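Q: In case you want the letters, here they are:
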Amino acid sequence: MSVPRVDPLPTRIPGRKPLVGEFAFFVIALAWPFLVGSYGTGLITETLIFAIAAMSLDLLMGYGGLVSFGHAAFFGVGAYALALSGVKLGLNPWAGILIAVVTSAVAALVIGYFCVRVSGVAFFMLTLAFGQLLYSGAVKWRGITGGSDGVGGFARPQLAGVSLDDPMYMYFACLLAFALSLWLLRRIIGSQFGHALVGLRENETRMRALGYSTDRLKLCAFVISGMFAGFSGALYAIYNSFISPDALSFAQSGMFLLMVVLGGVGSLVGPAIGAAVFLLMKQFVSSHTEHWLLIVGLVFICCVMFFRSGIYGFLKQWRERGARA
Amino acid sequence: MTLLRVENLQKSFGSLNVTRDVTLDVQAGEKHVIIGPNGAGKTSLINQIGGQMMPDSGRVLIDGVDATRLAPEQRARLGLGRTFQKNTLFQRLSVFENVRLGVQARFGNSFDLAQKADSRTDVNARAREVLDLLRLTALAERRVASISYGDQRQLEIAVALAGDPRILLLDEPTSGLSPAETGQLIEIIRSLPARLGILMIEHDMEVVFSLADHITVLYYGEVLASDKPEAVAVNERVREVYLGASI
Amino acid sequence: MDLVVSQLLNGLVYGLLLFLLASGLSLIFGLMGVVNLAHGSFFMLGAFIGLSVVRYTGSFWWALVLAPIPVALIAAAIEVVFLRHLYKRDRTDQVLLTFGLSFVFTDLVEWGWGKDTFSLSEPESLENSLQFLGGYFPQYRLAIVVFGLAVALFLWLLIEKTRVGAMVRAGIDDTRTAMGIGLNVPLILTTTFASGAALAGLAGVVAGPILGVYSGVDVEVLIPAFIVIVIGGMGSLKGAFVGSLLIGIADTFGKAYMPEASMFLIYAAMIIVLLARPNGLFGQAGSQ
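These protein sequences, in sequence, are chains A, B and C.
Residues 243 to 567 (our numbering) make up the first sequence, in order.
Residues 611 to 857 (our numbering) make up the second sequence, in order.
Residues -15 to 272 (our numbering) make up the third sequence, in order.
Keep in mind the hints are simulated off the structure, nothing from the lab.
It should be emphasised that the depicted structure is a prediction, and the values quoted were computed from it without experimental measurement.
You may find that some hints are simply not true.
[As the list claims (entries may be wrong)] In the DSS-like style, the derived pairs of lysine-lysine whose C-alpha atoms are separated by at most 27 Å in a straight line are:
#: 1; chain 1: A; residue 1: Lys382; chain 2: C; residue 2: Lys99
#: 2; chain 1: A; residue 1: Lys558; chain 2: B; residue 2: Lys726
#: 3; chain 1: C; residue 1: Lys145; chain 2: C; residue 2: Lys222
#: 4; chain 1: A; residue 1: Lys382; chain 2: A; residue 2: Lys330
#: 5; chain 1: C; residue 1: Lys72; chain 2: A; residue 2: Lys558
#: 6; chain 1: A; residue 1: Lys558; chain 2: A; residue 2: Lys524
#: 7; chain 1: C; residue 1: Lys239; chain 2: C; residue 2: Lys222
#: 8; chain 1: A; residue 1: Lys524; chain 2: C; residue 2: Lys99
#: 9; chain 1: A; residue 1: Lys382; chain 2: C; residue 2: Lys239
#: 10; chain 1: C; residue 1: Lys72; chain 2: B; residue 2: Lys696
The whole structure should be built from the sequences, with the hints applied where relevant.
A: Structure (structure tokens):
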């Protein structure tokens, strides 16, 4: 499959001027836990964690034009790496996070090496296959991964002297992680690599004719994306103190894809919004009706059919229309 | 010096011979034009030189290096630049960004993840130079999709030139252009760096004879004649093939 | 010995069930270029509708005949209302649409029938076992083999030997030219999608007694179906047939003799084929 249609598309790569909206966001984000209880805080914490994974998929999909249906593989690898390093090796979660990022980078390197060699539908299928491969590994390899029972029982670490068991501190830690991820990804997108990645998405033939090693560019994007997904997975494992093969499932990969499309492919911030909307919607809908899947399916279909640039794209167009009026 | 050499190139699709024992070379500073009726295999030849298509046999030598089995990007790094018959640009990006990417390929570092691309003033400066050379400066911030076809054709050359190639392949650069635009393009091609070797496919005989230092005539994949323009113009076999054409 | 034979039979049964599912998927991809992630949902719908038909009429045979019809109609509606507008767009959008649809179907099925696992009984006439080759084989499974092969033969004849088949093949090879010579391509597309869905629905009913009827069955069968068409070649009926039997037998033997590794090996096989021959064993180049 070739490039997903992304409108509006920046002719300049974003990363230059932060929007006013972002400052507002961070102000609210800092005040949030004081406004809501620990349950609301926990919900947003989870949102921030998934937002990192969604943004990393956007790097690959929105900016690189590579649609992966196996993103959960790296999320899960990171999560398991953290969990197992704690439970089996007794390492503290900080080392665990480092291990998670490295492990998912290696996994992305290996899987990416094969995936970038094919394109279109074959690429999509291959990412799906690898995702399933790792999922089946997690389920069957009971000795190491605990099978479908998963791995649990590791405590949250301490950060700067405070325990992350307190939902508020955990929240701020994840907010920091999210901010850091957003900043890093922005920088990457604004770098020469980021520009090359967009070029790759726009016209691979032209890129090759210009002398770019397109395979290596794709692989690099794959690895970076995988690393952030692994980081997100590690945070997820810490947050839940538990991890199961579901984190690697086809359904999970689909959820990430959903978040990116819902939020707005190729906007980086959009997928973060998509993650938030998705999880909040799930919470809200689930408490009123059983038909969460139906709602999310319909919203998603709506997005694909009518709002292809997602929530972020829609808001941007709205603002532009307002500015013109 | 010989920048490009094609030796006994052969390519067929089943029983269809698109390239039959083609041999030619391009010298530094030379403008070598390929002409021939439709279906003569001109674009296939360019694609085999560019790396978009692999020949069945024969050799392609870029600056003395055997590039026959190399991928397009590897050939670009040997100093080959090319335009395509159909505009192969980054439609949704700006004119400036298109050229900038061409410059970055050669002069930038595409695996630099940290430094902002904008701070590479050398890359940006060169991009502006190329835009000036191709008279596209006024359009720099416009989206490619929004500029005229003629301007896109010029941009196609600008992008190929951005990486400072030593040999440039132009596939029908004037196709679809108005007479005025064609005239401008001829001037631009004449003003390109003198040491550049150019191999171009062209249909417009006026363009051919005003630019060419050397002409190769391709007919059903075969070289019918390869000589100085004056000699080709009076060549009997060429006249037969181009019956009625104004040579 | 008869353990091997019975496993072979089971593998054949599973393989032919997969074929019923994968053939539709392959045709839909070959002709429409659509990667139909809702195909498992059609299977599931067929199974549930079949369940209701059996409850209402008491007859498995009626379920077999009637269940695919609403599935085909729903699929046709989807093609006309949603899919048709996405052809000029990127393929990703089509995949995403079918993915969203699978969510909708899962929920609707749970809404209509509940989240339990239901059993669909095989027809009374096929409840016994037949004795041959030194073992007892359930009649129903033997019937599936016969039925599956019959459908394969029918499809092959339809595609290769009839005018309708020629039109479909023309559409697969070159849609623009097909339209150019006056074939009603939109109608062909809708019919293909509906037919593929009907096949899936049929497979759902046939597989009911063996795999069970529950709301997660769509994912359970979708992934193997994709493995089949990737290995066999997307857009190739022959590939779907060969691939299904290979996967069916490999999976059955794998589960019997190497349960820990079987899933893993099958995915590994899919990956290897994708890398060596991105178009599958019998796929056509350019079907992407």
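Q: Now tell me if each hint is right for this structure.
A: Structure-based check of each hint:
1. A:Lys382 - C:Lys99: holds, 26 Å
2. A:Lys558 - B:Lys726: holds, 24 Å
3. C:Lys145 - C:Lys222: holds, 14 Å
4. A:Lys382 - A:Lys330: holds, 18 Å
5. C:Lys72 - A:Lys558: Holds - the C-alpha atoms of A:Lys558 and C:Lys72 are around 25 Å apart, at most 27 Å.
6. A:Lys558 - A:Lys524: Cα-Cα ~24 Å, so holds.
7. C:Lys239 - C:Lys222: The hint holds at about 25 Å.
8. A:Lys524 - C:Lys99: holds, 19 Å
9. A:Lys382 - C:Lys239: holds, 12 Å
10. C:Lys72 - B:Lys696: holds, 20 Å
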